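Undergrad: Each chain, written out:
2 protein chains.
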Amino acid sequence: MRRMGRYSILLEAPAVVTGCAAVVGQKEGEGPLGRCFDEVLKDSKAGAETWEQAESMFLNKAILLAAQKAAVKPEDLDLIFSGDLLNQCIGSTFGLREFNTPFVGLFGACSTMALSLALASVAVASGAANTVGAATSSHFCSAERQFRLPLEYGGVRPPTSQWTVTGSGAAIVASGGAGPKVTAVHFGRMVDLQIKDANNMGAAMAPSACDTLKSWFDDTATKPSDYDLILTGDLGDVGRALLKQLMQAEGFTLSDQLYNDCGSMIFDVRTQDVGVGGSGCGCSGSVLCGSILPQISAGTYKRVLFCATGALMSTTSSQQGESIPGICHLVELMA
Amino acid sequence: MRRMGRYSILLEAPAVVTGCAAVVGQKEGEGPLGRCFDEVLKDSKAGAETWEQAESMFLNKAILLAAQKAAVKPEDLDLIFSGDLLNQCIGSTFGLREFNTPFVGLFGACSTMALSLALASVAVASGAANTVGAATSSHFCSAERQFRLPLEYGGVRPPTSQWTVTGSGAAIVASGGAGPKVTAVHFGRMVDLQIKDANNMGAAMAPSACDTLKSWFDDTATKPSDYDLILTGDLGDVGRALLKQLMQAEGFTLSDQLYNDCGSMIFDVRTQDVGVGGSGCGCSGSVLCGSILPQISAGTYKRVLFCATGALMSTTSSQQGESIPGICHLVELMA
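Protein sequence lines correspond, in order, to chains A and B. When you read off a place in the first sequence, starting at 1, and then add 930, the result is the number in our numbering. When you read off a place in the second sequence, starting at 1, and then add 930, the result is the number in our numbering.
Hints were generated in silico from the structure; no laboratory data involved. Note that the structure is a prediction, hence the values are computed from the model and not measured.
For chains that are exact copies, the list does not tell them apart, and a pair is met inside one copy or across any two.
Calculated pairs, DSS-like style, for lysine-lysine (alpha carbon to alpha carbon, straight line, at most 27 angstroms): (1) Lys1153 to Lys1111; (2) Lys975 to Lys999; (3) Lys975 to Lys1126; (4) Lys1144 to Lys1003; (5) Lys1144 to Lys1126.
In isolation and in its complexed conformation, chain A is listed as follows:
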């Protein structure tokens, strides 16, 4: 492994995604990517008693399916990196507890799929581990209860709000084997332009995506057209439009042919009543693991930048008047 430029890290021995899976809820299953997901659970409680336990079940199922595809048992993984939006990351803790594997808990808000995949890839490429899991989850009902209002209240959502995805994405990363390769990673910096509106996460996160993409292009002397797909998540339609403007001002054109956002892709914003798109760790997690990684395996994409964004806030920080720092972690994927 060696550093490229100021912030990017080249994996000279690439890590290989040998298995991946996405398990989502019914609404996600009815969206444009519905057929990509490995499992669509019509029962959003997944047979559990609470929304939080249900979120853990989604994560648990995603890891099991990903491990199955990678032909490993979850208990044979050397390490699992995972995190979620719930207080103290209980989605991950209780979803992974039964596997009895070493566990690193992460907090990256909605950027967690890129964060977990980047760290898993570094662990594998460095020889610290041979086979590693990377996962994340979110659940509309557990997120609404924790961050916003009880579902029963039926609060009206502002037009810039996004809809938390019910779902989980999981990937198994190994030092060899067949599958998409993680060739480089870039851990993001916090960018805070003093956005305080917790119902406009796209605006809070777009500047961090711009910061990470710009420094990636600087570090690697590449440009957007060197990639088949640049994928952010989860900026939604508002944040996506903002990012295009911000990048244009930096001299980089993100055309609709090569740029998309997981939050804009997972739902049909015209018909599914989701505000400006999807959000939550499970959004970019399930889009990456359900749709993009399999398309890299199939040869549709040869070189992809996966740039997951997170809003680093809590209800407490918002109630205390703090702004919302954004962060964007990047993973380069190649066929």
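Got chain A; can you put chain B on it based on the hints?
TA: The following block gives chain B in isolation, referenced to the frame of chain A:
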């Protein structure tokens, strides 16, 4: 880097702790280790308006002091690993925001100092980064408000309860230079013996410390007497006694000469009204960075096992009747 046995990771090129610092509150400053800490803030709000912002200030100061000792600027760090107990890790987010460095947010509850130091060391030893920060924090008042009862309520604490440390520990890790060496790490597994009493964290976490220590000794074919110091944190007096029993049953004697616990060390449990000892991420963070690492530098200790323990629960999981999984991450330190 290479794996030793099933779970342990040898850093063939050790990472070096080139600077470390601990910043604590007044009560911690009045404890047995009071003179070890770099800074004791008599104002537990650290000049901030809220307890949460104060916690961020402790973390910010610890990173600044550690960086100063390592002769680097915080903004020149390639990466900072940090986490805390607050919902969505806002202690770390707002404590580190101004440094403008790549940031990996962690959740390991009270095990976070070992988790951040282990990941920072892997990042440095692998070539992924040259100079990396590892930090954590906790604050009695922000933790009480979030996890238990408002301070104003004046609730009586059960006899097995621990006192959350107000403080932060930070370390700078580099690929070369002078200082204690991180020679190996071991990421822990969750161990859950169905303890549900959130006022008896020592009992919830001791089994995970036993699990990690046992598998470390198995992996490395070493025994307790091969070390000058085995340091857990933060089991407190109850958990420490339990761990000694559990280890004895596994055939390993943890004598008082070589074994201690950060939660038992930071306060005088007889006079400071802290229940069975200290807890919180900042407990093992400040004991390691304020007392132990400097003593390794000074030659007092030659080979230390730092085994920080965490209780992976939230108020939601406890209210829903869940038990409390423990986790213990281990870092081997050598002079």
